[in-house]
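Sequence lines, in order, name chains A and B.
For the first sequence, counting from 1, position 93 maps to 266 in the working numbering; every step adds exactly one.
For the second sequence, counting from 1, position 90 maps to 106 in the working numbering; every step adds exactly one.
Honestly, the hints are just simulated from the structure, not real lab data.
A quick note: this is a predicted structure, and the numbers were derived from the prediction, not measured.
Be a bit skeptical, because a hint or two may be false.
[Said to hold, decoys possible] A short, non-exhaustive set of chain B residues, derived as facing chain A with CB atoms under 7 Å:
#, residue
1, Thr41
2, Asn43
3, Leu321
4, Leu325
5, Asn327
6, Ala328
7, Met329
8, Asn332
9, Tyr366
10, Tyr392
Using N, Cα and C, we set each Cβ at its ideal position, and we do this for glycine too.
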Amino acid sequence: MKVFMLGWEFPPFISGGLGTACHGLTRAMSDLGVEVVFVLPKPFQQTANDHVRMLTPLQVKPQTVTSTQIATSFVQKELKHVTFHAINSALQPYATPQVYQQQIEQLIHQKATQEQFKAINGMEEIRHWLSQEPSVMGQPGHYSGDMYTEVHRYAASAVRLAMQEQFDVIHAHDWMTYPAGVAVAAISGKPLVIHVHSTEYDRSGEHVNPMIYDIERRGMNAARKIIAVSHMTRNIILARYGITGDKVEVVYNGVERNGDAAQYNKIGIRSDEKIVLFLGRITMQKGPEYFLMSARKVLEVMDNVKFVMAGSGDMMHRMIEMATQMGIGGKVLFTGFLHGKDVQKVFQMADLYVMPSVSEPFGIAPLEALNYDVPVLISKQSGVAEVLHHVLKVDFWDINEMANKILAVLKYPPLQLTLREHGNFEVRKLRWSDAAKKCLKVYQEMTQGG
Amino acid sequence: MPSVCFYFQVHQPFRLRHYTIFDKTPNYFDDFRNASICRKVANKCYLPTNRLLLDVIRRYEGRFKVAFSLTGVVLEQFQQFCPEVMSTFDALAQTGCVEFLAETYYHSLSFLYARQEFIEQVNMQMQLIQKLFGQTPRVFRNTELIYNNQLAETIEAMGKFDAVITEGADHVLGHRNSNYVYRPPNCKNLKLLLKNYSLSDDIAFRFSNRQWNEYPLMANKFASWVNRINGNGQVVNLFMDYETFGEHQWQDTGIFDFMAHLPREVLSHPDNDFKTPGEVAEAYPAMDIVDVPHIISWADTERDLSAWLGNAMQSNALHEVYRLEKMVKQTRDDQLLADWRKLQTSDHFYYMCTKYFADGDVHKYFNPYDSPYDSYINYMNVLNNLKARCEQAVPGQAPRNSSIEQ
C-alpha cells in the first residue's frame, strides 16, 4: 500500500494540532509498512522565538530531487517508509490562481492524451471548479500571499508531483489540501480520502467563510471516504455538509508517549503558587474569554493562583485587555507561542490544564497534558471528551462550574491525585498505531471495493 | 427440609443537589430529584410488590413469610414524598408474616469509622421501626452486608440481637456452604446467616438475561433448585435489593409472575417451608464457626470495600466526614446533626467509585453524576459548607490537618 498524503504542516513547522496529528499518523503508518509520500508546502521564514532551533527541510540530506525542481524531497530518520516533498512555493511568488489553473489544465491535457486518461467526468468537474474559483472569491487580480492563492499553488504543485509518483490512495488533511486532493484524484484516478481535523464551523462558529466552506464541501463530495476525528465532527459533516453517514468513518487521534513519565514528575522545591494552564491558539474557537472569566471567579475565592495563557492568536490582544479590565492582569501571564521544550516546561509547571474550547473537533493537547501527569479540565464541546473518562468536563459557557472545578482541583489534593493516576493510565490506550490501522482498513476497503 | 428465607433491602439515599464552592445556603439535598425518584420507584416497585406480597401472604395463610430491612432515610422519604407506600408496609407488618431487620438509620459506613455513632444510628433505626410497625428487630444487617468478626462482637455486645446477616462469600466459607446457620468466633449466642449468592443472584441479576443458559427462569425450575438442597442444607437465604422487583427487573420480564407462583412451587414439596431470618436463627443450631477476620461485603465480584473505599477521593471524603463528628455533636444543633448524618450514607461514596467507570456498567446505572470526579467535588463542597456552619456555632474548634478548607 502506497499513500500520497497531502498535509499543510509537519513538526517542527507547526502552528497547532494538525502537524502533530500528521506526524503521529504517518509514523504509525510507517511502522505498519505503509509507504507514504508526504507533500507539504515549504515553510516560510519562521517568525518564532530565536532561542528555539528550527530544522528546515534543506538541512536534511535530500534523497532525490525531482527533475522539475518543484519540490525538495527528504526523509526523516524515524519515519522509514515516509518520503517528504516540500513544495517550493517561492518559485512563482506573484502568480495568480489563473496561472495555476492554466498549468493544471495543461497537465490534465497532457496526461489525457498521453495515457488516454479515462476520468473525463472528474476532469470536467475539476476544470469547472478551478475556473469558477476566482469569481467565488470575488477579487480579481493578484492574490499573492493570501491563503487561497497558497492553497491553489499547493494544488498545482501537488498535481505535478503526483504525476511522477505511483500510489494507491490519496489522503488529504484539512481544507487547505482538499483542492490538491481532488485534483490529484482526478488526474490519477485513485480514490481520495479526506481527513477532517476541523471544519469551518468549528473555527468560525456560525460566521463561516463561504469560500472555505465551499472548498470543504467540494472536497467531501469528491472524496470516496471521509475520516472524521470524532463523532462530534462526524455529526457536523452530516448535518452541515449534507454527506451521507456511510461515507464517514471516525478515527480518533492518538498520542505518543514522550518517554518515561517519571522524569516529568515535579521534583524539587515548588512555590506556593498554583498554576492553571491554557495552551492553544488564542482565538474564538478555543474559548479564551471563558478561561479568563472563570479565572476571575477563582480569584474571588483563592489568591495564590496564576493563570498562564500559552499560545498566540487573533484574540490575544483583546484577552490581555480583558484581563486588565477585569482587574486580574497581574494574575494572568501571556507567554506567546511556545515550542518543543517550552511546551514541556509549561506542562511540568501546571497544576491543571484547561481546554475551554467552544468547538473542538478532537483536541490533542489534553492528551499531552495527561502524558505529563497534569490533570485536565475540558469542555464537553470537544471530540476528545468522547474518549476520555478520567478528566473533568464542563460546558464551555458555564464559567461558574468551570471555576468550581478549577477550585476543586486546587483545593482537594485527592482529586488531583486520582485524576492524574487514572488519566495517565487511560491516555496510554489512545495510540497512533490504532488510528493508523483504522486508516489502513479504510484504504483497503476502497482499493478492494472498486 | 430447606427453609426459604427472603430478606429484601429497601433503601434510597438523600441525593445531593448540585453544590458549587460558591454556594452558601445550607440546603444540600435535591428534594425534587429525590421525590421524583422515590415516586418513580414506588410506582414501579414498592407499591406493586407490596400488594403482590400482601396478596400471597393472605392466600397462604401464614405459610409464606418475608423480611425487610428499611433504612431510616428511605422511611423519611416515604413519609415525605409518597405516604401511600407507608400504608402498604404497615399492612404487611400487620399480617404477622413480615419481619423487620435492624441496620444503621443512615445506611452508613459508621461501623468502620465511628463506633459510638454506629450504635446510635442502629438504635435510631430500631426505634423508628418500633414506632411505625410495632416490632423490635432481632436480626441485624450492616450496610451493604459489610461484616467481620468485630462487627459480630459489637452486635452481640449490644445485647439486642439473635443473629447477624452477611454475604456467603466463598473465601470465608471454604468447603462449607451458605445453607446452614453458623456462629461467629467469640460469640456465645449470636448466629450468622449467610446469603446464598448463587440462587439470590439468579433472581436479582440473571432473571431477565437472555444470554443465560437457564433463561427463562420459571418458578417451578427455581423450586427444583431449592429442592436439590434437601439433605445438604437447612436454609436457603435469598437476600436482595427490593428494587429487583419492577425496577432492576422490569415488570415485562415476568418477575412479578415469578414471585406470585414461587410460594406454591416451593410449598408443593412437603419438606419445604418459608421462614424469616429471626425464625431461622431460632429453629436451627449453629453448625460451625465461620471466621471472618477481614472485612467482606456483598458488592461486586470482589466482595470487599473497594466500591466505597477504592480510591483516594473516597478515602478522603470518608475521613473528612467522620472527622467532623465531635464538632457537629458539640453544636447540639439537630438540623446540623441530621445533615451531617445524611452525608454519611454510603451511596455518596459509591458515586465516587472509579472502578469500572470507563466500562459503563452497573455502577453508572445508579449514579446521578456524570463522573466520580463530579460527585467528589460536589460532596466536598457540601462538606466544606457544613464545616463552616459548625465553626460558626462552635468557634475555634476546627480539626487540624484537614484537607478541606485550608
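Hints, one by one, checked against the model:
{"no.": "1", "hint": "Thr41", "verdict": "violated, 15 Å"}
{"no.": "2", "hint": "Asn43", "verdict": "violated, 17 Å"}
{"no.": "3", "hint": "Leu321", "verdict": "violated, 17 Å"}
{"no.": "4", "hint": "Leu325", "verdict": "violated, 12 Å"}
{"no.": "5", "hint": "Asn327", "verdict": "holds, 5 Å"}
{"no.": "6", "hint": "Ala328", "verdict": "holds, 4 Å"}
{"no.": "7", "hint": "Met329", "verdict": "holds, 5 Å"}
{"no.": "8", "hint": "Asn332", "verdict": "holds, 4 Å"}
{"no.": "9", "hint": "Tyr366", "verdict": "violated, 15 Å"}
{"no.": "10", "hint": "Tyr392", "verdict": "holds, 6 Å"}
Hint check: violations occur at hints 1, 2, 3, 4, 9; the rest are consistent with the structure.
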